[in-house]
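S.K.: In order, the protein sequences belong to chains A and B. Going by the numbering used here, the first sequence opens with residue 1135, and the numbers climb by one from there. Going by the numbering used here, the second sequence opens with residue 7, and the numbers climb by one from there.
It should be emphasised that the hints constitute simulated quantities derived from the structure, not laboratory data. Here the structure is a predicted model, which is why all the values come from computation and not from measurement. No residue lacks a Cβ here, since even glycine has one placed at the ideal position from N, Cα and C. Mixed in with the good hints, there may be bad ones.
Unchecked claim - List of simulated lysine-lysine pairs, DSSO-like, C-alpha gap at most 30 Å:
id	chain 1	residue 1	chain 2	residue 2
1	B	Lys76	A	Lys1201
2	A	Lys1435	A	Lys1480
3	A	Lys1227	A	Lys1213
4	A	Lys1251	A	Lys1225
5	A	Lys1302	B	Lys76
6	A	Lys1233	B	Lys78
7	B	Lys76	A	Lys1469
8	A	Lys1233	A	Lys1468
9	B	Lys76	A	Lys1465
As the list claims (entries may be wrong) - Pair ranges (Cβ atoms, derived):
id	chain 1	residue 1	chain 2	residue 2	range
10	A	Arg1527	B	Glu12	38 to 48 Å
11	A	Phe1569	B	Tyr72	44 to 54 Å
12	B	Gly32	A	Ala1630	18 to 28 Å
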Amino acid sequence: MLFTSYGFIGFLIIVFAIYYLLPGRFQWQFLLLASYVFYFIADPRYLIFIAITSATTFLAAKKISDKKKSFDVWFKEHKKEYEKEERKSLKAKEHAAEKKIFLACLLFNLGILAVTKYTNFTIANINSLLSTFGRADGISFVQLIIPMGISFYTFQSMGYLIDVFNGKHEAQDNLFKFALFVSFFPQLVQGPISRYSDLSATLYEEHRFDWRTVSFGLERILWGFFKKLVIADRILVAVKAIIEDTNTYNGFYAFAGAMFYALELYADFTGGIDITIGVAETMGIKVTENFIRPYFSKNIKEYWNRWHITMGTWFTDYIFYPISASQFMMKLSKKSRAKLGNNLGKRVPVYLSSFIVWFTTGIWHGASWNFIVWGLGNFVVIMISQELEPFYRWFHSKVHVAGTFGWRLFQVVRTTLIMSSLRMFDCYRDVPLTFKMFGSIFSKSSLSQLKIDAFIEMGLTECDYLVVFIGMLVLVAVSLVQRTGSVRGKIATLKAPVRFVIWYGLFMVTLIFGAYGIGYSASQFIYNQF
Amino acid sequence: MEQLLEILGDLHPEVDFATAKDLVTGGILDSFDIVSLISEINEEFDVTIGAAELTPENFASAETIYALIKAKLDDED
């Protein structure tokens, strides 16, 4: 059920009405039911997968948590009976027992993700290898269903399991409450990847109807619809035309396509998250923010702290840190320092861990080499900027531009251009074609190539481009205002007629200029496919 | 503490770590710095810091990092 479909709006109205009519203590149970109905409508078979992940993770985490508690109680009572070394050994034994349960659950659930998402990608690569060695008879592809949002809910569940294993919080005692944490419908299909400690704070509470909370939620939903329907789904028409006809649209047009896609992805993904956060907010539930004005970042590292934040912190906390802090890496660090010298040697573990993280980030986004190369492209850019740090320090000690508007603008434009270039891997069919199109920006762009008619032939009118341009200006303006606090909070302080004009205006603009009708199709959110 | 301040100073010469607070939430130490730091700590103090201990609270200031090292050295009972 697409967020922008009439079906979803109808579903939402029914859920919302029942949610506030029910006694508070039944609200979370009802949300679980609504979430499973939402998933059932998408495909009844999906339910089996999410139920298995919920049940296995719940049981493993509960077992680990109970073991921890009983061991702690026993250890406190008996520790004086043992010598220091014996105490260490007892703790290690307990840790190893918990680790067995933890690893079994982790591997089982990541296994489901790997099999459903990556089997055919692996077969395609094996077949390609076989054909290189002259074997024409490859392995047949298998028909597998990929449950909607599996990457998101698996990561969210595994984050919970890791936190329980690390003793960050206790396990949830109620299977159904945990099942709601995994399946909460607004964030099921495209995130954010919530942490249990964050989402559980408001998910199970009783919520009474509060007009301010509900209206703030509705405003956020409307803003999401505006971004998705007026901007993303409109510019999508031009993006599709550019990437589907590379013979016509190369050179400058490939550059324009990359820029259009940057805008589309931003409006699409942040719009979807606005709807998610807004829907949860109307029910008094707080979902973690996933973006902080990412296109205002001064470098790629900062960009990744501000774009798809919950995914970035997931990879940092659950992959980057465990790998970097592992015994293997510590040994490698010692060895590389001894062999390569302190300066170079200490970089080895950081760079190796980063490589693994970016490879994983790439493949998490999709089973294709495009995403892997995109991930590794990010790795290369971040490493280069890391290595250039001393140069930047030297540069700024000589040229005093840091902090000026011009320099800041340069940094923002640079980040946007680099990220948009890397994102071309999202767009084109395969890696060689992406490189070809990127190369064409430098080899084929010329003024003689540039024809205004070509943009019209992409399927959008002048009026459409004007709508997109104004929409983009609105996005920039809102982002600028947001730097000093919540925009909705500011609007709420204005007089009633002004508030009415703003929100009614946004509603009408979305209704009138939303991309519907002939030439448009209600488009899937880009991040739904991950 | 002196050793630790020296390691931190090598990471960011421009920061006065003796007084700086909120190193992680304030954006002074990023994930790369933290990983470099635990590798240096491992080298200098022979102390292993696990992934679960890499929290903003533990790395908020030179003092909190030192407290973490000290707790490790004293051995957690």
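S.K.: Next step is simple, just say for each hint if it's right about the structure.
M.R.: Each hint, compared with the structure:
1. B:Lys76 - A:Lys1201: holds, 28 Å
2. A:Lys1435 - A:Lys1480: holds, 20 Å
3. A:Lys1227 - A:Lys1213: Given that 30 Å is the threshold and the Cα spacing comes to 14 Å, the pair holds.
4. A:Lys1251 - A:Lys1225: The hint is violated at about 38 Å.
5. A:Lys1302 - B:Lys76: Measuring from Cα to Cα gives roughly 21 Å; hence the hint holds.
6. A:Lys1233 - B:Lys78: holds, 21 Å
7. B:Lys76 - A:Lys1469: Roughly 25 Å between the alpha carbons, so the hint for Lys76 (chain B) and Lys1469 (chain A) holds.
8. A:Lys1233 - A:Lys1468: Holds - the C-alpha atoms of Lys1468 (chain A) and Lys1233 (chain A) are around 26 Å apart, at most 30 Å.
9. B:Lys76 - A:Lys1465: holds, 22 Å
10. A:Arg1527 - B:Glu12: 38 to 48 Å: Since the Cβ atoms of Arg1527 (chain A) and Glu12 (chain B) sit about 19 Å apart, the hinted range of 38 to 48 Å is violated.
11. A:Phe1569 - B:Tyr72: 44 to 54 Å: With Cβ atoms ~49 Å apart, the hint holds.
12. B:Gly32 - A:Ala1630: 18 to 28 Å: violated, 40 Å
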